[in-house]
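Visitor: With chain A fixed as given, assemble chain B onto it according to the hints.
2 protein chains.
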Amino acid sequence: MAQGLRSFWGWGLEDKFMDRVGRENLANVFASLFGSASTNSRPLDVRDAPKVKDIEIADPRLIPAKSLKEFISRSPHERLSHSRGKSFIDVVRSFHGEFSDVPDLVAFPRTEPELMSIIDWCYSSNVAIVTYGGGSSVVGGVNCPSIENYQAVLSLDTTCLDKVLEVDSVSRSALIQAGVLGPALESQLKQFNLTMRHYPQSFEFSTLGGWIATKSGGHYATNQTRIDDFTQSLRVVTPAGIVETSRFPSSGAGPDQNGFFLGSEGIYGIITQAWMRLQDRPQFKDTVGVKFSNFGSAVDACRIISQSGLYPTNCRLLDAVESFQSAGVTNGNSLLIVGFESAHCPVDNDMKAALEICSDHGGIYERDSNKDDSKKANDSLTESDSWKSTFTRAPYLRDAIISIGHIAETFETSVTWDKFSEFHSQIMQRVRSALDETCGTGVVSCRFTHLYPDGPAPYYTVVAPSSHEDQIHHWSHIKDVVSSAIIELGGTITHHHAVGKDHVKWYHQEIPKMLLDSIERLKELYDPKSLLNPGVLLGSEGH
Amino acid sequence: MAQGLRSFWGWGLEDKFMDRVGRENLANVFASLFGSASTNSRPLDVRDAPKVKDIEIADPRLIPAKSLKEFISRSPHERLSHSRGKSFIDVVRSFHGEFSDVPDLVAFPRTEPELMSIIDWCYSSNVAIVTYGGGSSVVGGVNCPSIENYQAVLSLDTTCLDKVLEVDSVSRSALIQAGVLGPALESQLKQFNLTMRHYPQSFEFSTLGGWIATKSGGHYATNQTRIDDFTQSLRVVTPAGIVETSRFPSSGAGPDQNGFFLGSEGIYGIITQAWMRLQDRPQFKDTVGVKFSNFGSAVDACRIISQSGLYPTNCRLLDAVESFQSAGVTNGNSLLIVGFESAHCPVDNDMKAALEICSDHGGIYERDSNKDDSKKANDSLTESDSWKSTFTRAPYLRDAIISIGHIAETFETSVTWDKFSEFHSQIMQRVRSALDETCGTGVVSCRFTHLYPDGPAPYYTVVAPSSHEDQIHHWSHIKDVVSSAIIELGGTITHHHAVGKDHVKWYHQEIPKMLLDSIERLKELYDPKSLLNPGVLLGSEGH
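Protein chains in written order, with numbering that gives the first Met the number 0: chain A, 0 to 542; chain B, 0 to 542.
Among the hints, a few may not be true.
Note that identical chains are pooled: a pair holds if it fits in a single copy or bridges any two copies.
Unchecked claim - Under the rule of at most 30 Å between Cα atoms (straight-line distance), these lysine-lysine pairs were calculated in the DSS-like manner:
no., residue 1, residue 2
1, K478, K504
2, K162, K512
3, K50, K418
4, K162, K418
By construction, these hints were calculated from the structure, which means they are not laboratory data.
Computed from a predicted structure; not experimentally measured.
So that you can see chain A by itself, here it is in the shape it has in the complex (with noise of 0.2 Å):
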């Protein structure tokens, strides 16, 4: 488990909340960047933390069955962080203390049969169930339905069943309750000289249930990343009953039995348990930043690298703005940092392969040439080194932003090579046009964040200023031009983000309608009562 107390509005640790100094630094860096063109007249509002005491919060509309209560908390801070997940709106409305609908309880089952007992409780008392694994979601999926809807709602924390039940060594594959954490699976891992390697963004605050559940993009940026190609089976308790999935490596057995749940975002059960595939611990690595003066042959390369069959661990392209926002790129070039790990076999000649294709497309790196000692700084691997640090802390630094009343969020997709060109050229300018009309100015970047032979998956970054009366209504204004812009353009309304309630709109568009009466079908079968993760996927609260 992390170290030290969740904050119940923000991102991860409560103490790594950017102290006021810093927030205050902050605010002076946008006025000086946006100052002039912000259409915000009162650059400077920096507003502290909220707490839960000046939080008004009802009491719980119902009292849990005798038997449950051991198991089941009314604490007002556990009710409040577990009543959104951490989209920019999410933070920014629970930032200012607004909590309209908070779940009535919130549950912590340590056993299957716990868990199964809320959800018969559930059932037989018309209560809503959201399942909260890390509470990281950033598209509503988390999110409490109206609370006026049910009796009550209750959110189901699963990350008391947090270990690692059984390790194949031979088959490199483990059993792991899906409650556990990031960090605490590899470390449960670590003993047997194993890992998962899959390490999203909100790996501190996410876990294996809801990267499954919501078909979590992985650590490697190509070939198989997606939890999907590293699960082999799974446990579901639904309210229908219990669903295990079969333990092969692969079968041509019908349609796939895991692709029923993966994706499905908790609305026909709750993943309990899963088989999942692991690797040896990597013994061999190397990270090389390439710049590229031309951002389009930067792709190219990246197209060429995706289709060559070597497979790079690491092969993520940073445009000239993230290039320098988070990697010190200063010189306007785009930075592709690309990096190759085995646990078995050195990685050299691969390397070797993918920076020809860079050097060939204009890409310029430096590497020692007598380079005897893997660690050795050079000043590409510094680039690759800072972008990682950014990586992580970019969570943190949207709180801080969000508190000095200014926008930060991302949008991502994935799109073929044949339309990338066109689609990037069209979203960029669509988000500087919305900028313009919402903020005055603000920035957009982009980077893929994994590569397929067919194409990449691009991830923006917006950042401008507001204020924090206009920065919820200026960025849903953004979101909607650019969702709205990423179905007509042919790309998917998210690669790993998932679909939540927020994406809801746009996932209708993209999934024809005969799939989404699929799913539908589903949903009756395995939660007959509609009260799994209501407004989730289906986009229908209540019955």
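Guide: Quick look at chain B alone, frame taken from chain A:
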């Protein structure tokens, strides 16, 4: 299209059926090998192939609407050809002229509207539809249902939908009609310098749509290989409407769209076209045959290679019997055929690393140390080549064996590495006792077709003496024994032959009951009158 007339009763082309002299020689070989131990008192009973004109076949019970006549055949040759697939029992029955259930009509729609008009007509007239691609199913997947349950039965042959419609060379993908057979697909892609590189043993006589509907296992022995991995999007005509999935490199939005149809074996609708991910044509190739005196050590080498991240294209392990029969290895060794290919980079380093793993496990191989010509034959290469040729000829050989009254059939599975050793020893033991009980003797052999980091896909071949009278019940007994053993010992009933009708009993033991219910719910949605592929996957025929 394949050159020559398709056999109406056996595999492939009519004129490739072994001539009488060859089959007489084969019968003598069987007699020498098995004569004394066989329960068959009449070891030499070579019979000739049936002729269409000798088979009684009732007139079609329904005359199609006028507008459909143009692309609907009532010819006895087509109706008999389309009455079943190519499992051992299918071919034995057909060889003996036993055709109980024969489709009344065979439709060859040339466009999607024609296909839709057939479905409409069938739906209005209570006509069952069996979708038929190349007809190579070995699990009863295209077998005519009991005709008395329907006004008529129509076999819907998709092979006129055989064009590559659009090629996107940048994203390396193409929109392809689903009725195209393997060779025609590859020849159309060749002009774009692209390839699917998907070569099931049925390659010549199976279609893209069939591969998708049955989750075909592909060319690559490791890493991404199943047709699932190469399916970008697909279009399915169902009685309830058309579903066209979204074309993305990858998406985190809800359950995998293609997953609803991959492996659905035609029970929801007919796949008419798909966007498929393609490959560049390989420029670098190397194959080495490695011999192991100990099968268990070869298995260990396979496991380590499968977990190494090396991703050989080929990594097929033949046990001593298969090495002898298929690759001419006479010293009782197992043969591991290791191959690498790449369109972009030399494969020497990867090969070297894989061979080192083999050496570590006692593998012996010969390479010309001065190899300067990749085409230069060496001992090992010859064995691999020999195996390849055996691979494509195997189904013809099986038909010849059927014609002399004996048994040749295969079964396959996948199982995790931790279970493999016990699994394999039990399977071999139980097949041998089943052979003793039925045929008195026989041979069972094993190879690995695909390797996953968490387990192999073992493929077993059974050859045994029998008689024309006993072939079916002998094999049925053996198949029953091994199928039950596979489930009991933790394997899947099929790694890549699919479920069809023949595996239904065991599939229903393998799949969780609620997932079977799920498939039934979806069946009701897409095919409410239950007219598509009756009996396949779900097992129940009729209404």
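Visitor: Please flag the earlier hints that this structure goes against, numbers listed from lowest up.
Guide: 3
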